[in-house]
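Using the sequences plus the hints, can you model the full thing?
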Amino acid sequence: MAYAVETRDLTRVFAGKKRRFRRKRAASEGDEQLGPVTALDRVSIQIREGELFGLLGPNGAGKTTLIKILATLLLPTSGQAFVAGHDVTKDPFPIRQRINMVSGGETSGYGLLTTRENVWMFSQFYGVPSKVAKQRIDELMHVFGLWDKRDAKVRLISSGQRQKMNMIRGFVTDPDILFLDEPTLGLDVNAARTVRDYVMNWVGRERGKTVLLTTHYMAEADEMCDRIAIIDKGKILACDTPEALKRMIHTQTTFRLEVDPLRDTSTFQGMDGVVNFSLKDDASKNRTELTFILEDEAPVAEILSAITAQGAKVHALRKTEPTLEDVFISMVGRGFE
Amino acid sequence: MNEVSARRSDLAFRIALNLRSIRGRAYPRIIGANREPSWIFFEAVLPLLTIAAYVFIYRAIAANQIVNANAETAARILANTNALVASVVLGGAMVAFWLNVLWSMASQLYWEKEIGNLQLYMMAPMNRMALLGGMAIGGVFMTSVRAISTLVAGVLVFGVVFQVADPLMLLAVFFVTLVALYGLGMFFASLYLLWGREAWNVSALLEEPIFFSSGFYFPLGGLFNYGGWGSVVGIVGSIIPAGLGLDALRQLTLGQTAFGGKFWVLSAPVELEILLVLAIGFLVLARYALAYLELLAKREGKLTSRHQ
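Quick note, the sequences are listed as chains X and L, same order. For the first sequence, counting from 1, position 234 maps to 234 in this note's numbering; every step adds exactly one. For the second sequence, counting from 1, position 1 maps to 1 in this note's numbering; every step adds exactly one.
Hints in this document: simulated from the structure, not taken from any laboratory.
Computed list of lysine-lysine pairs in DSS-like fashion (alpha-carbon distance at most 30 Å, straight line):
{"#": "1", "chain 1": "X", "residue 1": "90", "chain 2": "X", "residue 2": "233"}
{"#": "2", "chain 1": "X", "residue 1": "149", "chain 2": "X", "residue 2": "134"}
{"#": "3", "chain 1": "X", "residue 1": "233", "chain 2": "X", "residue 2": "246"}
{"#": "4", "chain 1": "X", "residue 1": "246", "chain 2": "X", "residue 2": "235"}
{"#": "5", "chain 1": "X", "residue 1": "149", "chain 2": "X", "residue 2": "131"}
{"#": "6", "chain 1": "X", "residue 1": "233", "chain 2": "L", "residue 2": "302"}
{"#": "7", "chain 1": "X", "residue 1": "90", "chain 2": "L", "residue 2": "302"}
{"#": "8", "chain 1": "L", "residue 1": "302", "chain 2": "X", "residue 2": "235"}
{"#": "9", "chain 1": "X", "residue 1": "280", "chain 2": "X", "residue 2": "313"}
Structure follows, in structure tokens:
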């Protein structure tokens, strides 16, 4: 079986900051920021050719670190990573010929150049003949709705338009493997829809094209990906199709409650029948949203009693179909935010 | 991967890839120089103020000396002053290249990292020297606008007269000086990759002292005439290729006999040979330094720290 991407026990540890003059204070206060950080912890995944594979996890989970290693920009501390069958540490040239990467919120390019010139410039670093590059750029400008801005200087366009330009930069080199790191970050609904549709069509239409997508948007991962790996604190917690992941908690029940802010949530932790729960504060409404993953519906009454016992009101209660976030909550006991 | 994704990696492809990369990276600088008319104005006009300051000081000193001098001495003082003014104009033109090397070559990879371009460059299959080469060629083109305008203004405003006896030699010295200067810039760019924000301070530190030690506004040989510390400063300044390059250019445009032939460091052909060695040395150093420092940056996560 040919894998587009394969990692074996991939680990990356960042050494942490060296603050010579503050080491003593930091050590005495237990400042964890200064110590080594394990961004990836023995990650093993296989992504098949032609697959749209998602990495789903909260900020700081290790998604970007994994992509940077696969893009030959970062060396692993231990373990191995192969892209298109080549080792990222030993044989980067053939990998670089076949890949490209687009990150959300990217500010790359030069403000003095037009959008078209910027994309052309990056295409030259991959050896794409100018004529071919310009033809592709024009096509992609139409697809992504940037044709009207083709001759606008990059410093004068909006961040959303800039992100569209970055997407075009990613496709203009005709990569076999495309790394998309939060590609719809900062895009409006329509632009995000265009990006998602194009990526899905590209993988479906072109033979052997592979996408590794990182996102923390559940719906995006659910809609786009053939398979998803859920990652948290550098570890892969689960890896399967979105349907199979949701089936993992199919026997469980998901309830969402909107309540007044609570003083204490520790009472929910040991409650019988509660698999896990997460809470998210909505400061604008002065309310808290609770998500419970329950073995069955039995604990609902006890949960409501515990809330009202604190003098808090329950404003909404609904039973919902399991989402990928519920899978995550079920595994780690917190949401993505 | 399957046959659909088979990619070329033969020598012809690699040469074409790197030539396209050089052109691609040079493009923003060449175009950028023309897109901002205000830049052209500031680049061309403001440096003239510094040159004018030196010219007026030299002329004022000469005027003071001429007052009590006889005709023969006065003629010698005037000739020396004119040679000094021409030296200042030439130095002012070369300052543009030195500043470009410091701020647009040496510090450039640091700035590229800040705006998010560096990781895209390092992820591309092009040779890293093609990236630096593109930066250098674009920089030379961009800076030539300032250098040429400084020379033209020097001739028109200050009445400088150049006497070029050996134009081929002059071109060779100028070309090799630029290659050596930009080779040094490429080498610095590699070092600055790891220094981060400190690169800014190093560039600032290297500006004024090099103007002095490399003799941008006076003949470098003047430092050697002092002996002792003057020679030490002059030797250190000669490591920066602009020092010897300027000395040779002045000899070739003012004549060996200018300043009574006392202020030249070495003869122009010898200086050309040294410059050639410096050019090759800096390019080789840049090539290996960049490869090593890229590896180190990948190990320490410094190519990508912006988005971590």
